Structure formats: C-alpha cells, structure tokens
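Engineer: Line by line, the protein sequences give chains H, E, X, W, D and F. Counting from 9, one number per residue, gives the positions in the first sequence under our numbering. Counting from 9, one number per residue, gives the positions in the second sequence under our numbering. Counting from 9, one number per residue, gives the positions in the third sequence under our numbering. Counting from 40, one number per residue, gives the positions in the fourth sequence under our numbering. Counting from 40, one number per residue, gives the positions in the fifth sequence under our numbering. Counting from 40, one number per residue, gives the positions in the sixth sequence under our numbering.
The hints are simulated quantities; they were obtained by calculation from the structure and are not laboratory data. Just so you know, not all the hints are guaranteed correct.
[Said to hold, decoys possible] Taking lysine-lysine pairs in the PhoX-like style, the calculated list, with each CA pair at most 25 Å apart, reads: (1) K173(X) <-> K77(F); (2) K173(H) <-> K77(W); (3) K48(F) <-> K48(H); (4) K73(W) <-> K447(H); (5) K173(H) <-> K73(W); (6) K275(X) <-> K77(F); (7) K48(F) <-> K275(X); (8) K73(D) <-> K48(X); (9) K77(F) <-> K107(H); (10) K73(D) <-> K64(X); (11) K70(H) <-> K409(X).
In this text the structure is predicted, and so the values were computed from the model without any measurement.
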Amino acid sequence: MKIKHLFFSILIAFAASVSSLQASGGTPAEQPQKDAYVEKSMNELASSFYNTTGLKAFISPKEGVKNGQGEEMTPFAQSWGRLIMFMIIFLLFYLAIAKGFEPLLLLPIAFGGLLANIPIANMTGDHGMLGIIYNMGIANEFFPLLIFMGVGAMTDFGPLLANPKTALLGGAAQFGIFGSLVGAAALSQYTGFVDFSLEQCSAISIIGGADGPTSIFIASKLAPELMGAIAVAAYSYMALVPVIQPPIMKALTTVEERRIVMNTTRKVQKLEKLIFPLLVLVMTLLVLPDAAPLIGAFTFGNFAKESGVVDRLSNEMQNSLINIVTIFLGLGVGSKLASDKFLVMETLGIMIIGLLAFAAGTAAGVLMAKLMNKFSKEPINPLIGAAGVSAVPMAARVVSKVGAEARPGNILLMHAMGPNVAGVIGSAVAAGVMLAIFK
Amino acid sequence: MKIKHLFFSILIAFAASVSSLQASGGTPAEQPQKDAYVEKSMNELASSFYNTTGLKAFISPKEGVKNGQGEEMTPFAQSWGRLIMFMIIFLLFYLAIAKGFEPLLLLPIAFGGLLANIPIANMTGDHGMLGIIYNMGIANEFFPLLIFMGVGAMTDFGPLLANPKTALLGGAAQFGIFGSLVGAAALSQYTGFVDFSLEQCSAISIIGGADGPTSIFIASKLAPELMGAIAVAAYSYMALVPVIQPPIMKALTTVEERRIVMNTTRKVQKLEKLIFPLLVLVMTLLVLPDAAPLIGAFTFGNFAKESGVVDRLSNEMQNSLINIVTIFLGLGVGSKLASDKFLVMETLGIMIIGLLAFAAGTAAGVLMAKLMNKFSKEPINPLIGAAGVSAVPMAARVVSKVGAEARPGNILLMHAMGPNVAGVIGSAVAAGVMLAIFK
Amino acid sequence: MKIKHLFFSILIAFAASVSSLQASGGTPAEQPQKDAYVEKSMNELASSFYNTTGLKAFISPKEGVKNGQGEEMTPFAQSWGRLIMFMIIFLLFYLAIAKGFEPLLLLPIAFGGLLANIPIANMTGDHGMLGIIYNMGIANEFFPLLIFMGVGAMTDFGPLLANPKTALLGGAAQFGIFGSLVGAAALSQYTGFVDFSLEQCSAISIIGGADGPTSIFIASKLAPELMGAIAVAAYSYMALVPVIQPPIMKALTTVEERRIVMNTTRKVQKLEKLIFPLLVLVMTLLVLPDAAPLIGAFTFGNFAKESGVVDRLSNEMQNSLINIVTIFLGLGVGSKLASDKFLVMETLGIMIIGLLAFAAGTAAGVLMAKLMNKFSKEPINPLIGAAGVSAVPMAARVVSKVGAEARPGNILLMHAMGPNVAGVIGSAVAAGVMLAIFK
Amino acid sequence: MDIVGESIKFMVLGMLVVFTFLYVLVVLMGVQAKIINKFFPEKKQPAAPVSGVTPDISEDESRRIAAIIAAISEFRKN
Amino acid sequence: MDIVGESIKFMVLGMLVVFTFLYVLVVLMGVQAKIINKFFPEKKQPAAPVSGVTPDISEDESRRIAAIIAAISEFRKN
Amino acid sequence: MDIVGESIKFMVLGMLVVFTFLYVLVVLMGVQAKIINKFFPEKKQPAAPVSGVTPDISEDESRRIAAIIAAISEFRKN
Ligand code: NA
Ligand code: NA
Ligand code: NA
C-alpha cells in the first residue's frame with residue numbers, strides 16, 4: 009500500500025507544480041539556421057561550450073527557447089519542470105523494476121520521457137530519435153494496430169467460447185468509458201479547472217477501456233493534442249490495476265459472493281475458435297465499420313493463430329514483431345512526457361478522469377456480475393465482472409487473487425478470462441461508437 | 009478434384025458478376041473535410057449512427073461514394089461486389105487452411121482483402137492500415153526484394169551445381185512467360201474482351217514465372233494499375249500448382265518416361281556454392297543490369313548463407329525478417345482485392361492468361377526435358393522439366409509425387425530442385441528483358 | 009601478415025587510380041522521362057537491348073551518364089572505376105570470409121558496394137533498393153542509433169564497475185580522435201593533397217573512436233558528403249584492429265610490462281549495474297546534451313538489459329532488431345562505395361587519417377596505462393590501454409592475445425573490457441564535443 | 040454547447056451498441072457451438088489447453104531457451 | 040500498333056536471352072567445378088546436406104522449439 | 040581560417056571534457072559502490088557472470104538451437 013501513498017503524493021506534488029505554470033505559448037517556428045563556424049579564442053570556445061551544456065540550460069532558463077516541435081517553452085518547463093519530470097520518471101522506473109508494474113511498457117515509456125526532457129538535444133524534434141519513431145508509427149496509428157495484431161495472436165478465446173454469456177460482463181465494464189465521458193464533460197462544463205471539448209472528453213474516456221493501443225488510436229483520431237497524457241494515463245492505470253481494483257471489488261461484494269465456486273468450463277472445439285474472429289469481424293463490418301482497424305488487426309492476429317497453418321507468421325506477431333513495436337511505441341509515447349507537454353492542467357484532469365474511469369468500469373462489471381448471478385442457473389462469482397475492463401491478463405489475475413483470498417484453492421482465472429477478452433472487444437466497439445459519432 | 013470444380017465455378021460466377029459491372033469512374037478526390045460536431049437529439053444521434061453502419065452501406069449503396077484512393081465506386085461495387093469478394097475470400101481461407109494451399113501468402117492476402125472490402129472504414133486509404141503498409145513497401149517494390157533476399161538465403165543451389173545442365177529446363181519453362189505474352193497480345197488485339205497495352209501484356213505474362221515477388225516487382229514498374237490482380241493471380245496459381253501441373257505432365261509423357269530413374273548426384277563443394285551467387289550476379293550486371301535488383305537481392309541472401317560467417321544475418325533473413333515482410337506483403341497485396349479494383353474485366357483476362365502461362369511453362373519444361381533425355385548420355389526423367397516454372401519448392405514436390413505414382417520409391421525431388429531454382433533465375437532474367445525493352 | 013601487404017598494395021593501386029580521375033561534375037538532374045515504346049524491327053530490338061547491357065556500359069562509357077543521385081559520372085568512373093571497385097570488393101569478401109574480419113559488417117557493406125557499382129540499374133537512386141534503405145535509416149541517423157541501442161543491451165559494464173579507474177584509459181585513447189583532427193587539419197592546410205573544412209576534419213577524426221555507429225552519426229551531422237568514405241574507413245580499420253594494434257602495443261611496452269599479471273576483479277552488485285547507465289545519461293544531459301542521442305540509445309539498451317524485467321525487449325534489441333538493422337546499415341553504407349563517390353582523393357585522405365587515428369588512439373591508451381601503472385598501488389598491464397579505443401570486443405581480445413604471447417596463461421580479457429567499454433562512452437563524449445562546437 | 044447533455048446521449052447510445060453487439064455475439068457463439076458440435080464434431084481431441092493469453096509464457100520461453108542453451112553449451116564448448 | 044507482332048519479337052529476343060544466360064551459366068558452373076576440384080579440393084567433407092529450400096524446416100523449428108520448451112518447462116516450473 | 044590552430048584548441052577542449060567526464064564517472068562509480076554495498080548489500084549472490092559483451096554467444100545460440108532442433112527432429116520425424 010506504500011505504492012498507493014507514493015502515487016498519490018506524486019499526484020499532489022504534480023498538481024502543486026502545475027498550478028505554478030504559465031501556459032506555454034507555442035507557435036511552430038522556423039528551423040534554426042545553422043551558423044558557419046568562426047574562429048574563437050580558447051576562452052570563447054570554452055564559454056561557448058558551457059552554453060551548450062545541460063547544466064547551463066537548467067541553471068539559467070531563457071524565454072524563447074523552443075521544444076522539438078518549435079513551440080516556445082516557459083522557463084519553468086525548462087528547469088524545474090524537467091526536474092519534476094525526472095522525479096516522476098524515476099518513480100516509474102521504481103514501479104516497473106522493483107514492483108513489476110507493466111515493465112514492458114512502463115520502462116520504455118519512462119526512458120523515452122527521460123530522453124524527451126534532455127535540454128538542447130531536441131530528441132523529440134522531427135530529426136530526433138524520438139521524433140522519427142513518433143512519426144513512423146504513432147502519428148499514423150500504425151504501431152498500436154500492430155500491437156493489437158500481436159495481442160490478437162496471443163489471445164485465446166477458448167474461455168469466452170466455453171461460457172459465452174460472460175461476454176456481457178465485458179460490456180458492462182465499458183460503463184467505465186461512458187460514465188467517465190459524462191464525468192469529463194461535467195468537470196469541464198461545471199468547473200473552471202479544465203476546458204475539454206466533446207471530442208477531447210471522448211478521447212480521454214477511452215482510458216476506461218484499459219487498452220493502451222485503443223487509447224492511442226482514438227486519441228490520435230479525436231484529440232491528438234492530448235495523446236501523450238492519455239497514453240501515459242492509460243498505461244499507468246493498467247499498471248495500477250492490482251492497486252485500484254481490489255478495494256472496489258471488495259466494497260461491492262460480500263465474502264459469501266467472493267467465495268462462490270464456478271463450474272468447470274466445457275471443452276471448446278478448434279473450429280469454434282477458428283470461426284470466432286471472423287464472426288467478430290463480420291459483425292463489426294456490419295454494425296460498426298469505424299472499429300474495423302482495431303478489430304481487424306486484432307482478429308487477423310487471432311485468426312492467423314487459430315488457423316494453425318501459418319505458425320511462422322503468428323509466432324512472429326507474438327514475438328519479434330510485437331517486441332520491436334513495443335520498444336518503439338514505448339519510446340515514442342515517452343516523447344510526450346516532455347515537461348512542457350506533460351506538466352499542464354489537462355494532464356491532471358486526464359489522470360483524475362482516468363482513475364474514475366477504471367473505478368467505474370470495475371464497479372459496473374462487478375455489479376453486472378452480481379445481477380447475472382441472481383438470474384443465472386449456474387453460479388457466477390461477481391468478482392469476475394471486474395475482469396471485464398480488459399487490461400488483459402492482469403485484471404483476470406487480480407480477480408483470481410482476490411477470489412483465492414476469500415476461498416483458498418478457488419481458481420477463478422479461466423472464468424475471468426472470458427469477460428477479460430470480451431472487454432477488449434467491448435472497448436473496441438465503444439471506441440468505434442465514438443469515431444462514428446464524430447464522423 | 010473438387011477444388012478444381014470449386015475454383016472454376018468461382019471463375020464463372022466471377023465472369024458473370026463482372027459483366028454486370030459498369031466501369032468505375034475515378035478521379036482522385038480531395039480529402040473529406042471533417043465537420044465540427046453539432047448538438048443532436050437522441051433520435052438524430054441514432055439515425056446518424058445508423059448511417060455509419062456497414063449494414064446501411066450494403067443495403068443502400070449511393071452514387072459518389074469514394075474508395076480509399078478517392079475514386080468513385082459504383083453502387084454494385086459497394087454492395088453485391090463486396091459480397092462476391094467475401095465469397096471469394098472465404099474460398100481462399102478454405103483453400104489455405106483446409107487444403108494447405110500456400111497458406112503463408114494466401115491467408116494474409118485474403119484477410120487483407122476482407123479488410124479492404126469493409127465499407128466506410130477506408131482501410132486502403134493513405135491513412136488506413138493497409139494503405140500505410142502498401143505505401144511502405146509495395147508501391148516502391150521494397151518488400152518483394154526483401155522476400156527475394158530471404159528466399160535466396162533459403163535456397164540451396166547444390167542440386168543445380170551437381171547437375172548444371174538441368175538449368176536449361178528452368179530456361180525452357182520461361183516460355184510460360186513469353187508464350188502468354190503473345191497470348192495476351194492476341195487476346196487484346198483480336199477480341200474486344202479486354203484492351204491491354206504492350207506494357208500491360210508484359211507485366212501480366214510474368215505470372216508465368218511463378219515467382220510472386222518478381223511479378224509484383226515488374227507490375228509495379230510496367231503496369232502499376234494492374235498490380236493487384238497480377239499479384240493475386242500469381243499467388244493463386246502458385247497455390248494451384250499441384251492442381252494445374254499433373255494433368256499436363258501426364259498428358260505430355262508416357263508412363264515409361266515417367267518411370268525413368270535418374271543417377272544420384274555428385275557431391276558439391278562448399279566453395280562452388282559460395283562462388284555461384286557471385287557468378288550469377290556478375291553475369292547479370294554484364295548482360296542484364298535491369299534484373300539487378302531482383303538477382304542482387306536474391307544472390308545477397310544466398311551469398312550471406314553460403315559464406316558461413318554471417319549466420320546471424322542469414323538466419324534473420326530466413327526467419328524474422330521474411331516473416332514480418334510476408335505479413336505486410338500479404339496484407340498490402342490483399343488491399344488490391346477491394347471489389348472495385350478486383351471485379352473488373354481485366355482481372356478475368358489476367359486470370360485466364362495466368363492459367364495459360366502456367367500451363368505453357370509446364371508444357372515447355374516437360375518437352376525440353378524430353379528433348380534433353382533424347383540427346384543426353386545420362387537418363388533424364390521428363391517430369392523434372394515441369395519444376396522449371398519455379399514455384400519453389402512446390403513444383404519440385406509435385407514432380408516427385410507424380411514420379412512416385414509412376415514408380416513408387418523413385419525420389420525425383422533432388423533432381424527436380426535443379427530446374428526449380430534455375431527457374432527462379434530464369435524468371436528474373438526474363439523479367440529483366442521486359443524492363444530492358446521498355447527502358 | 010600477408011593481409012597487411014595485400015591491404016597496402018590495394019591502397020597504393022587505389023592512389024594510382026585516383027590520380028588519373030577527373031573531378032565528377034554533378035548537379036542533381038531531372039528524373040529521366042520514360043519514353044513510350046515504339047515499334048521496332050528485330051534488328052533494332054536486339055541493338056536497343058545491347059544498349060541496355062552492362063557490357064556495353066563498360067566497353068563504351070559515355071559523357072553525361074548520371075548516377076543514382078542524378079550527378080554526372082566520368083567515363084573513368086563508369087568503366088575502370090567500377091572494375092577497381094569490384095577488385096576492392098572482392099578483397100573485402102576475402103577478408104570477411106576467409107580471414108574472419110568483422111564479417112557481420114564488412115560482408116553486407118561490400119555486397120552493397122557491388123550492387124552500387126552495377127551500371128544502368130541505378131540501385132542507389134531514390135527508387136532503388138539501396139537508396140530506399142539509405143533514406144530509411146542512414147540519412148536520418150536512425151539505424152546507427154538502433155545499433156547503438158543493441159550494443160548497449162549487449163554490453164556488460166561489470167568489468168568497468170569492478171575497476172572504475174580503467175575508465176581513464178578509455179579517455180586517453182580518444183587522443184586518437186583529437187590527434188587525428190589536428191593531423192587532418194594540417195594535411196589540408198599545409199599540403200594541396202586534399203582540402204577539408206574544419207567540420208570535415210572533425211567528422212573524419214571520429215574514425216579514431218572505433219565505433220562505426222558513432223562515425224556514421226557524426227558524419228551525417230557534420231559532413232554528409234563524406235559519410236560513405238568515413239563509414240567504410242571506420243569499419244575497415246575496426247576489422248583491421250588485430251593487424252594495426254599489436255605492432256604499436258609491442259613497440260611502446262617492454263616484455264616485462266606485457267608480462268604484468270593483474271589482480272582478479274571484485275564482485276559487482278546488480279544494483280550498481282542497474283544505476284550505472286542512468287548515471288552516465290544524467291551526466292551526459294548535464295554536461296553534454298549533444299551526445300544525448302548516442303548515449304541515450306546506448307544506455308537505454310543497457311538499462312533495459314540490467315533491469316531484468318524486460319528480457320523480451322532486451323533480447324529483441326540484441327538479436328532480431330540489431331540483425332535486421334545490421335543488414336540494412338551494411339547495404340546502405342555499401343551504397344557509398346559507388347566508384348564515383350569512393351574513388352576520389354578525399355577517400356584516400358580519409359583512409360590515411362583513419363589509420364593515423366587508430367594508431368594514435370592505441371598509442372595514447374598504452375602510454376596512459378604505463379603512466380597509471382607507475383602511480384597505482386595495484387599493477388596495471390599497459391597493454392589494456394590499447395583496448396580504450398573501443399572496437400568492442402575485438403580490441404580487448406587483441407590485448408588478451410598479445411598479453412598471452414608474453415606470458416601464456418595470463419588472461420587480460422576481463423581487465424581489458426573495462427577500458428574497452430569506457431572507450432565507447434569516451435568516443436560518444438568526444439563526438440558530443442564536436443557537435444557542441446559546431447552548434 | 041451543453042456537452043454534459045450530449046455526453047449523456049452518447050452514453051445511452053454507446054452502452055446500447057456495446058451491449059447489443061456483445062449480446063448478438065453471445066447468441067451467435069451459442070448457435071455456432073451447436074452447429075459445429077452437431078455437424079463437425081472433433082474426434083478424440085487431446086485435452087484442450089485453455090489458457091487466456093500467452094505473453095508471459097513467451098517471455099519465459101526466451102529465458103528457458105537461454106537456459107537450455109547455457110546447459111547444452113556446457114557440453115559443447117570448443 | 041501491331042502488339043501481337045511486337046510480342047512475337049519479344050518472345051524471340053526473350054527466349055534467346057534466357058537460354059543464352061542459362062547456357063553460359065551451365066558452362067561456367069562446369070568450368071568452376073573443374074577449377075575448384077583441381078586447385079581447392081575439400082578434405083574429407085562430411086556428407087553434404089543437399090536439400091533444396093528450407094522454409095518448411097524453419098517452420099517446423101518454431102513448433103519444435105515450442106515443444107522442447109513445453110517439455111522442459113514441465114520440469115522447471117516454479 | 041587557420042584550421043590547424045582551431046583544431047588544436049578543439050583538442051585541448053575535447054581531451055579536457057572527455058577526461059573530466061570520465062574522471063567524474065570514476066568518482067561516482069566509487070561513491071555508488073560504497074553506498075550500495077553499505078545500504079543495499081546483496082545476499083549470497085551466485086557467482087557473477089562478468090563477461091564483456093555477448094554478441095558471439097548469441098550467434099552461437101542460433102547454431103546451437105539449430106543443433107538441438109536437428110537432434111530432436113531425429114526423434115520426432117513424422
Ligand atoms: Na477494455
Ligand atoms: Na520462375
Ligand atoms: Na571509442
């Protein structure tokens with residue numbers, strides 16, 4: 009629980025720091041003209057060298073210094089802002105390495121953030137390493153889709169096919185998205201704290217879907233200016249699933265409910281698994297073509313795996329390809345942790361709404377499961393509803409862990425995987441609805 | 009043989025459907041301007057949502073709807089055309105998965121085709137997943153070359169070096185290319201069925217080379233507008249090699265000829281294998297520099313493998329790299345299965361010429377082998393001539409299978425590999441001649 | 009030692025050939041307009057085909073023929089120049105394969121050079137295979153950084169942490185860079201042999217850092233017009249480390265010094281290794297942000313590896329990703345071995361300065377180690393100073409080999425790894441200084 | 040614009056679409072299972088490895104491969 | 040334009056070039072083999088693995104690696 | 040411009056920066072080692088595999104994997 013304290017104190021420190029910030033001006037500026045070298049005395053040379061050190065940039069920040077995108081940075085963002093970001097980044101390193109929170113994503117994102125906050129180097133610019141990566145696959149939403157393809161190739165829909173009705177739990181949990189959409193709108197309309205447009209609210213609310221790739225995809229379409237903060241919030245909260253979910257799960261269920269044992273699942277045939285991705289894709293193209301890129305990439309990966317005839321390719325998607333893309337996606341998203349982009353009031357708003365979204369999704373899933381348990385012949389442990397937020401497979405593991413606390417030996421993992429993978433589809437559908445609305 | 013029936017009935021259905029098509033207009037259109045969201049009542053919202061469903065797009069196709077390239081699609085292409093494409097795609101899935109026909113390529117191509125035919129999603133556009141892939145490596149012919157590099161690293165020229173004169177069989181089979189070139193020209197000049205230019209005829213005829221990457225490469229240079237259909241035809245017929253070749257092979261040979269046993273091959277030294285790719289490349293640069301990209305990529309892969317000192321790199325070419333590129337190439341080529349591109353009269357012409365080309369190549373290879381058998385001291389089984397079309401290694405396997413039918417235990421595989429790999433070089437040379445002519 | 013003779017005779021042949029060259033004119037030309045095909049008689053067709061052969065291009069070079077970049081090539085570069093390049097390339101193949109000199113880089117570079125010198129094919133142009141690769145990741149310095157990331161993930165700083173003061177040896181060896189900078193300036197200012205600007209001298213001198221990626225990175229920033237020759241020289245001399253270093257090492261040390269046995273190193277804790285990359289990066293951002301891309305990529309790889317929680321990603325960096333990038337980097341760099349680019353006086357100057365740089369770095373490292381041995385409590389074998397040039401891990405192996413010659417059984421490898429990896433950091437720092445100066 | 044009002048409408052539409060989509064999927068999964076079990080039953084399938092998602096396993100793989108190789112290289116050292 | 044006539048000329052040129060190219064290659068392969076066997080003979084080479092193309096093997100590899108890992112992970116479960 | 044003169048100044052600045060950088064690093068490595076050994080000592084660590092760089096090993100890996108697979112495929116041939 010120390011982590012929770014740490015996390016919230018960072019949030020508060022963050023809030024304090026942000027309130028001392030001025031808005032960053034920011035009009036894209038012309039490429040700096042490189043001057044020809046002129047002869048220098050040793051003293052001039054040394055002093056001109058000192059002017060290119062990061063130390064100088066920290067100690068004496070100047071008005072008019074520009075970031076990688078050619079926008080002016082405030083002196084605060086150049087000095088204290090960067091130091092605060094370094095603190096946040098070292099916290100992320102600590103969480104990733106010592107606490108094992110989503111290291112595959114958190115570590116590259118945090119390292120990308122470290123690089124993005126190096127003064128003078130301009131690594132987020134179009135010619136910088138992070139900028140090249142960003143333009144290569146994040147600005148055009150290609151990397152998130154490749155990740156989704158790999159996740160599809162890793163996903164086994166067996167548990168869902170064995171117990172189809174648990175898909176509804178993956179639907180209920182999407183209240184995390186739409187509930188927080190209303191919350192974001194209210195926060196924006198009724199307080200002067202932040203001023204989000206409807207598109208921005210929608211993009212933010214997708215954090216509640218607990219799918220990083222989906223969040224980045226939607227942000228890029230509806231509110232590219234917020235993509236950085238949204239991606240960071242999405243991945244951070246997914247990492248915090250084991251901290252956020254259990255209290256809510258326990259608050260909404262009785263010990264007796266948590267102790268419910270579920271029946272073993274039926275055997276699923278290979279042909280069912282093979283047809284399932286096509287079924288989902290056909291439904292998507294009929295009902296919600298706007299979700300086709302996400303669902304299409306996901307079902308391609310899954311179909312390739314279940315076909316059993318292209319193991320070469322599906323192994324590639326699950327291993328080398330997703331690894332490469334994860335490295336790049338992490339560094340690219342990390343580029344949005346530059347102090348002047350990240351230390352703004354909107355980020356704080358996004359962090360708050362994101363937390364709300366996860367909580368709302370978890371709660372809705374659990375409550376739906378309670379309801380279904382009332383009307384179902386077979387017993388349903390309400391805990392598995394919490395897995396509906398997706399965050400595959402961590403949410404399902406949390407469910408299993410909380411379930412085992414109530415009744416040692418009660419393995420809910422397989423039962424939780426059903427809503428868990430249905431949550432991925434549910435979030436993609438919700439994302440498609442957003443895209444369709446703003447078409 | 010049921011597959012053959014299935015295949016031809018699809019061809020006929022296709023022909024019928026095509027004849028009911030009108031030409032698709034098609035001038036590149038300006039990027040659609042995104043409108044700001046305006047407040048809507050719940051009814052308006054629901055009805056506007058219905059307008060973005062694929063169901064609506066199928067039920068009420070409209071004039072003026074544009075494809076990913078900004079060209080107008082006919083109402084037929086928007087509705088029935090897509091349904092016909094879905095049927096063709098599910099047939100391809102069936103062939104790939106249940107029948108094991110070239111699944112590594114057919115499955116991604118077909119899935120790409122499925123995604124390309126999703127209404128509204130515009131996945132083939134410049135900002136869509138398939139469009140990004142297409143522009144990344146197919147439009148500039150980079151992916152086919154990488155595939156060729158990987159194939160080079162997988163190819164063992166040992167059987168060819170052990171029996172050099174079988175290379176001539178790989179030359180004879182290129183009659184598949186040039187014979188079908190004349191056929192395509194005649195079809196175009198003497199019938200009103202299609203109207204191909206000389207460049208288009210040449211691009212189409214390369215299908216007879218039975219090398220997917222070569223076909224895509226040449227199509228992109230000589231007739232980019234036909235690349236989709238050409239690639240699909242090339243890969244489809246390669247998949248159909250076990251169906252197309254045996255009847256021709258049997259028709260042109262007597263049982264006695266098919267029963268011929270060939271002598272075991274001599275031992276080939278490592279140095280011969282090392283020098284061979286350089287030999288081929290030097291000859292190419294002297295005689296036919298226009299074939300240099302193809303032959304260069306191929307021999308680089310082979311040289312890297314035979315050098316024995318960069319196993320890290322040659323293993324990479326044969327595994328991870330070719331896997332990634334295969335995924336992308338398949339999806340990218342699949343994007344050309346969009347109904348408005350694929351369901352045109354030209355496709356039908358290409359399919360017919362392609363079939364002719366495979367048949368002609370097979371026949372020429374077999375007849376050449378018969379001729380060589382007449383004049384050779386050592387016996388040559390005429391069947392191995394059929395392997396000269398390349399389609400490595402499937403054609404060689406077909407030869408071995410047909411040979412074993414005539415004389416169980418007669419393993420022709422190694423003997424067929426010689427003409428088989430020579431056919432790859434032969435096709436690349438033929439392709440280079442085409443490029444040189446139109447320089 | 010035959011190799012040395014071979015190498016220098018090539019250098020001399022090269023010098024002779026270069027002196028017979030005229031300067032290549034070279035203004036970027038308009039894209040060649042493709043003519044429509046016109047009917048030809050069989051004779052015309054054959055003669056027009058002959059005009060597209062490489063044979064013709066060699067036999068009758070013409071004024072006005074352009075290279076891939078649209079610059080005019082001299083008749084010499086078109087004919088004899090290419091033949092000389094082929095000889096140099098076959099020498100590189102021989103060194104890579106038979107002698108095992110850096111084959112992972114030398115083989116793809118040489119093959120790229122072979123492709124680049126194919127007449128007519130224009131493979132180095134924007135639409136050619138090598139041109140595509142070059143623009144994809146070399147022009148923008150992305151590939152060198154990815155290589156550096158992979159090298160970081162492969163590097164173990166344990167030996168350096170076990171004996172920190174050996175880092176100073178990695179500093180002394182950077183005299184190879186700065187000494188040759190002065191040498192290059194003198195060569196340019198006091199002789200009419202070549203005429204390098206200060207930026208060009210700086211870019212060339214980085215060869216002394218013995219890090220291919222660093223050299224390419226700096227060349228692209230300071231003197232892109234020389235990048236080809238610089239990269240080739242850097243990689244060639246790294247390959248020649250076992251030839252260049254031993255005589256210098258032996259000349260500067262007595263047998264007694266070479267026989268010195270060093271104490272076994274202390275055990276290094278995992279936490280030290282984890283924090284070290286962050287330490288280096290923080291120092292870089294404070295002192296020398298211009299080195300941030302290089303050091304950032306390197307420390308990211310190392311941090312990912314030492315974190316122990318993202319083995320998936322760090323294995324990827326060390327294997328598939330670095331393999332793919334090595335293939336592309338090699339071919340792309342090889343594209344600069346086109347005769348008209350490579351057979352110029354500047355290349356000869358660069359080769360000479362590069363050799364000087366390696367020698368100077370080796371000498372400075374050894375002398376510094378002798379000095380440290382004088383003042384250190386613990387004995388330091390002066391040979392390990394030679395490893396400070398980096399060229400990881402070959403220089404360290406050479407040290408160990410020369411040490412074992414003097415005292416069989418004296419394993420200096422671990423002790424040499426300290427200065428060896430420190431040399432990587434040292435070169436990156438030196439490179440950063442150059443960038444900072446010309447900012 | 041009353042974005043709260045609009046967002047509530049979005050919520051209604053969105054939750055409706057999500058539930059409808061998943062409900063139809065539930066129904067189709069059931070239908071599919073029945074059809075497949077009736078017309079294409081599998082013969083004596085080996086115990087189905089019903090596991091959710093395999094990323095961790097593949098991560099372990101690399102470690103295990105490394106372990107195997109380390110073990111074997113002990114015996115194959117040249 | 041009489042494209043049939045032109046294409047026939049292309050056929051003649053093309054088949055000629057293809058055959059010439061491959062015939063010269065056949066000759067050079069023979070010459071090469073003789074030179075190498077005479078001047079650089081290999082000493083007691085192990086049985087040459089003369090196989091055509093290896094894609095299927097590498098595909099099998101992945102499955103076999105998976106199988107090995109599965110087998111070994113049975114023993115190494117933590 | 041007297042580029043030799045300038046380059047000598049660059050040499051002075053450059054060698055100074057390189058040595059300062061590495062010297063500070065040496066000091067910090069020492070400090071770090073002391074702090075870590077004092078406050079975060081590792082308990083009975085297994086023999087530290089202190090090897091410089093591992094590229095060759097990974098290259099060997101591929102060969103060894105190939106070898107393992109070859110060996111195993113002997114037994115699993117279908
Ligand atoms: Na979700
Ligand atoms: Na062929
Ligand atoms: Na160095």
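Engineer: For a quick check of understanding: which of the numbered hints are violated here, in increasing order?
Structural biologist: 4, 7, 8, 10 and 11
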